[in-house]
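Enquirer: Those sequence lines, one after another, are chains Z and S.
Quick note: the first sequence, position 144, residue 144 per our numbering, numbers continuous.
Quick note: the second sequence, position 250, residue 1250 per our numbering, numbers continuous.
Do not take every clue at face value.
[Claimed, not checked] Here are the in silico distance ranges between beta carbons for each label pair:
hint : chain 1 : residue 1 : chain 2 : residue 2 : range
1    : S       : 1155      : Z       : 363       : 56 to 62 Å
2    : S       : 1346      : Z       : 77        : 28 to 34 Å
3    : Z       : 331       : S       : 1344      : 51 to 57 Å
4    : Z       : 280       : S       : 1278      : 21 to 27 Å
[Said to hold, decoys possible] The calculated lysine-lysine pairs, modelled on DSS-like cross-linking and capped at a C-alpha distance of 25 Å, are:
hint : chain 1 : residue 1 : chain 2 : residue 2
5    : Z       : 353       : Z       : 382
6    : S       : 1353      : Z       : 382
7    : S       : 1382      : Z       : 352
8    : Z       : 382       : S       : 1382
9    : S       : 1382      : Z       : 353
10   : S       : 1352      : Z       : 382
Bear in mind the hints are in silico, worked out from the structure with no lab data behind them.
In this text, all values refer to a predicted model and were calculated from it rather than measured experimentally.
We put the CB at the ideal spot given by N, CA and C, even for glycine.
2 protein chains.
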Amino acid sequence: MIPKGFRAAAVEAQMRYKNRLDLGLIVADEFQASAGVFTQNVSQAAPVVWSKNRIATGRAILVNAGQANAQTGRGAGDRCLQSAKAVAELLLLSSDEILLASTGVIGQPLNIEALISAVPNLVKNLSVDGFDDFAKAILTTDTKPKTAETTIPFDSGPPASIWGVAKGSGMIAPNMATMLGFVLTDAAVEPKLLRSLLAQTAELTFNRATVDGDTSTNDSLFIIASGASRKTPIAEGRDAEIFKKSLKEVLDSLARQIIRDGEGATKLVEIRVQGARTREEALLAARAVAQSPLVKTAFFGEDANWGRILAALGRSGADFEPYRVDIDIDDLAWIRHGLVFGREADATLAMKKREYCLTINLNNGPGQDRVLTCDFSYDYIKINGSYRS
Amino acid sequence: MIPKGFRAAAVEAQMRYKNRLDLGLIVADEFQASAGVFTQNVSQAAPVVWSKNRIATGRAILVNAGQANAQTGRGAGDRCLQSAKAVAELLLLSSDEILLASTGVIGQPLNIEALISAVPNLVKNLSVDGFDDFAKAILTTDTKPKTAETTIPFDSGPPASIWGVAKGSGMIAPNMATMLGFVLTDAAVEPKLLRSLLAQTAELTFNRATVDGDTSTNDSLFIIASGASRKTPIAEGRDAEIFKKSLKEVLDSLARQIIRDGEGATKLVEIRVQGARTREEALLAARAVAQSPLVKTAFFGEDANWGRILAALGRSGADFEPYRVDIDIDDLAWIRHGLVFGREADATLAMKKREYCLTINLNNGPGQDRVLTCDFSYDYIKINGSYRS
Chain Z
1 MIPKGFRAAA VEAQMRYKNR LDLGLIVADE FQASAGVFTQ NVSQAAPVVW SKNRIATGRA
61 ILVNAGQANA QTGRGAGDRC LQSAKAVAEL LLLSSDEILL ASTGVIGQPL NIEALISAVP
121 NLVKNLSVDG FDDFAKAILT TDTKPKTAET TIPFDSGPPA SIWGVAKGSG MIAPNMATML
181 GFVLTDAAVE PKLLRSLLAQ TAELTFNRAT VDGDTSTNDS LFIIASGASR KTPIAEGRDA
241 EIFKKSLKEV LDSLARQIIR DGEGATKLVE IRVQGARTRE EALLAARAVA QSPLVKTAFF
301 GEDANWGRIL AALGRSGADF EPYRVDIDID DLAWIRHGLV FGREADATLA MKKREYCLTI
361 NLNNGPGQDR VLTCDFSYDY IKINGSYRS
Chain S
1001 MIPKGFRAAA VEAQMRYKNR LDLGLIVADE FQASAGVFTQ NVSQAAPVVW SKNRIATGRA
1061 ILVNAGQANA QTGRGAGDRC LQSAKAVAEL LLLSSDEILL ASTGVIGQPL NIEALISAVP
1121 NLVKNLSVDG FDDFAKAILT TDTKPKTAET TIPFDSGPPA SIWGVAKGSG MIAPNMATML
1181 GFVLTDAAVE PKLLRSLLAQ TAELTFNRAT VDGDTSTNDS LFIIASGASR KTPIAEGRDA
1241 EIFKKSLKEV LDSLARQIIR DGEGATKLVE IRVQGARTRE EALLAARAVA QSPLVKTAFF
1301 GEDANWGRIL AALGRSGADF EPYRVDIDID DLAWIRHGLV FGREADATLA MKKREYCLTI
1361 NLNNGPGQDR VLTCDFSYDY IKINGSYRS
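Working from the sequences, and respecting the hints, build out all of it.
Expert: If you want it as structure tokens, here you go:
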């Protein structure tokens, strides 16, 4: 269920892609608060810079796919302003109320003429039924739209919901938002709390997901609360906890969809590390395994090649004793004390599943963390060896 | 020319591979000094632990391919001792004079029976003509043997030479020796100086080369000086500088051969970073570019997709201003001030070469460094999706 207070639309602007939806718009007709998290890449796209400066006032989101508007030089900021103005005028808003996001090829100037020409139709199409089109318009090499929703189980008061949409695919790494994600709620949340909850839940979901370790110049995650379901904003306390849990559920679902649809991916693997000295070391270890090309090709080959996992752990920077490591695949006890315990045939069978969980216990302390990853397949090479052509 | 004072041999021990040379031996009949550098992986193979403890006395090198003897549990050290003893007895040496190295699958117990059975023939075959066979015996997924040699241009005194052999292919990352390499010289070098020169030159060559960012459990680089060409060891001074230059030349050639023959590689690309704040940041930047799957697939696709390079630099941890970055491909001025300067057609043409150099100037300081890398191709996935089968 789409939260109350929002409309969306998408059109074929023909900015770079032909004959597909490539420009989307979401508007909060009622507006209570908004927040965002952004790429940590030193090279930040012009729309990232634009939206960072306006995140607290943003009640509309304009997104184009195909051109990232990153590293496009002096004109890039101007093109952001022109885009925002074109939308703002027709919505009777200020341009500071328009958030921008772009995804696509870096270094190509934004086709601003095509964008501006498309805006009137885009605004005209806005409707409470426009969200499916919006979800399609923001994709690049994704093979399917990604949305998630949940009803927030508040103990009392009017019902409210959270809906989210994302695009992922390549240049996905566990460092910041690492993709485009847009989340809407008709709850009302005190703005500072909203910022904090978004940062916390993004850290536990999107920032724990990796396709290829490459962090994009454009990663942005926005949340807008319309407040259409209740007037009094949630503050710290039980309602904040309930809201946070629902938000995390939506983000987690989107992160999983992104990794499941990673470029060329045939597997979704959750790498859980336990027993590290600290949570930081658990994350180092999980990321080293999740990003190792040799581990990822073994996932693709359905090869129970545990030596590659041990080798990745060993260069991760986490402190442990290799002969104390235990590894399970789902509920199969695979490795015990650094050596094969389960039958290889069982491990191979477990790795034939489309989705599974590797639980790695370093038996060296209380630290734990996890990272979602996918495999490296022929199609990753195919897609990225010819992405622009 | 093989330095004086050494013999080598190889046999088909049938330890795991069938009908190919898989066990090699080098012996220094005259011995003056030896040194080594080893993997920094927390998980270190049994032969690494063995050889580390005996590196100063090692005058023979026994190497098997196919089984890494890493993560093989309690029996692993025993198998090292048995291997070394078998060779030492026939050579009339102590087992502490035998260095060991293994490469292959992690977690498979070493086939010690096959090894021991093969040792008598191996020792019998030792000859000054055995080095080509040795170079073949240490390979795994390498497609060709890798050797390099040079005559040391000392100003005076008897001539001396350096010869080296290496195996690489997968699990190659810029962190320690990152493969197996064995270097022989008939010069005599003061032992402490030999250690220092090996460490310095390995850091500038092998530790600046990456195939996939994965650091093996078995990486080892040994040098043995026979002293057969001169009795007085080189100490600090001009001769040490000349020796170091020759040693670096041999290691650099081997490192290039390793990357050129990286698993599935079709390109050899040198990433030179200049103008970083410090050398450390230059290295961070060069490694981020050299290890980025998106950059490496663009190399494979001969796609002048410079945005991926900017994005990798941006997440590297190096400090710079994206709009001050210049990039050349060989002598083509490609990117100036963070934007395309050369014609894309020229950049594409330059990337069609089998080997080229990317020179990245961050224009932010005096730091420079470089990393050798290769592309990511379908064959990397093919080889590693089915390595053990």
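Enquirer: Which earlier hints can't be squared with this structure?
Expert: none
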